[in-house]
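Asks: All residue numbers for the sequence shown refer to this note's numbering, where the first residue is 1098 and numbers rise by one.
Rather than coming from a laboratory, the hints here were simulated on the basis of the structure. Wrong hints could be hidden among the right ones.
Restricting the straight-line Cα-Cα distance to at most 30 Å, the calculated cross-link-like pairs of lysine-lysine (DSS-like) are [unchecked claim]:
hint : residue 1 : residue 2
1    : LYS1274   : LYS1254
2    : LYS1400   : LYS1415
3    : LYS1254   : LYS1185
Taking CB as the label site, the calculated pair distances span [what the hints assert, rightly or not]:
hint : residue 1 : residue 2 : range
4    : ARG1161   : ALA1473   : 25 to 31 Å
5    : ARG1376   : LEU1326   : 24 to 30 Å
6    : ARG1513   : ALA1472   : 50 to 56 Å
Heads up, the beta-carbon is just placed ideally off N, CA and C, and yes, glycines get one too.
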Amino acid sequence: MSEPSRTSEVPPRRFLFVVPPLVGHVNPTLGVAAELTARGHQVAWAGMPEVVQRLTGQGATVYRCAGPVLGEGGADRPPDVRGPAALKFLWERFLVPLAEAMAPGVAKAIGEFRPDVVIADQQTVAGGLVAERLGVRWATSATTSAEFTGALDGMPKIDAWLDGLMAEVRGRIGDPKGTADPRFSPDLVLAFTTEELAGRPARAGDRIHYVGPSIAERPATADFPWAWLDPARPAVLVTLGTANTDAGARFLTECLEAVRARAGRFQTVIVDPDGVLARATPDVRNIPVTLDVRNTPATPDDKDVLVCRYVPQLTLLKRVNAVVCHAGHNTVCETLWHGVPLVVAPIRDDQPVVAAQVVDAGAGIRVRFGRVRAAALGEALDAVLDEPRYRAAAERVSASFRTAGGATAAATHLERLATASAVTHVERPATGTAATHTTANPGGER
């Protein structure tokens, strides 16, 4: 990663990140925030502290916002909901309620922190809508490239439905006279990928800056039995991220059978946060990695399979030779950052688009999540481990990521936007309208 650029050319500014309670959407902001802080700027988040502070550490300033959490209550998607139905569920049952619940907290955060720029996650539309209503410049943090690479071009009815939904949400929490799509800032869209993976943008291309992944060290959330890994043998990581294990019992069981058949050739770490394998496969013992399990097999009959509820993914990616995953954008980009090839099994949402990007780049093989069996999974793993072309392609994408600049480039773009908006800062809103001032709040605390 490029060294942080510490410069006095840009006066200290204030940046507010508005993020959803989704780990993969918060993680890319961490490196950007660290870079901005290193340059002397002040940074805060608006979101759910229970999620954000677990990732940022306890020293971060987080303005509390309300909202549902995906996978709980009304946002609990049935495992078999896929395709357009999953997209409709995501927006109607989670993202729109999230926007409406977060809006008051975002407005309060803007009023108290008085940011020069709001950085709104692409799916946290309260950030863009409230910033627009209060007259604050805002940028989009795009943790997936699916929506601006023409993913919906073949589904005009879905695209039109989403546009109509955005207009309805604007009428409730934004400026009814506003015109900007809250998923695409009119000034700046930061895409944490590159054209080598995502291709050329088909939408909002004039505002998109491909900065590559923002990779930053994270607070330690779990120990890991590093001594269990044999440096003389390849290792494989199997993960479905944090929001998909409800649908993963069958798939993880097939993965377990595939890697058991290859015992002795490589070791495998399977991430199973909800313990679905233990319920589906009686001999599987889920090991919480806070225990000392060094040199202990993950199952009574296995010596080369470790099933953990949580792992330090970024650090582990430095030690593995292949990854099997759901094609979540964050996991894919972190894997390719390390030049590691993939077997991707997309489930829903943007994952089929990201999986296609991996295959088109030559950096992995796609399998069908709902139908693939152990034999085909094993063959795909053999290919990405044994055929050099997959690693070579992954390394090409990795090189493009590192050249793009990551957090350093993203911070520079945000500084430029902050400089352009320096003459208008938002005072604490008392009646839902914005006033202006010419000096920043020197305190910066809640």
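Asks: Which numbered conditions among the earlier hints are violated in the structure presented, ordered from lowest to highest?
Replies: Violated hint (a single one): 4; every other hint is consistent with the structure.
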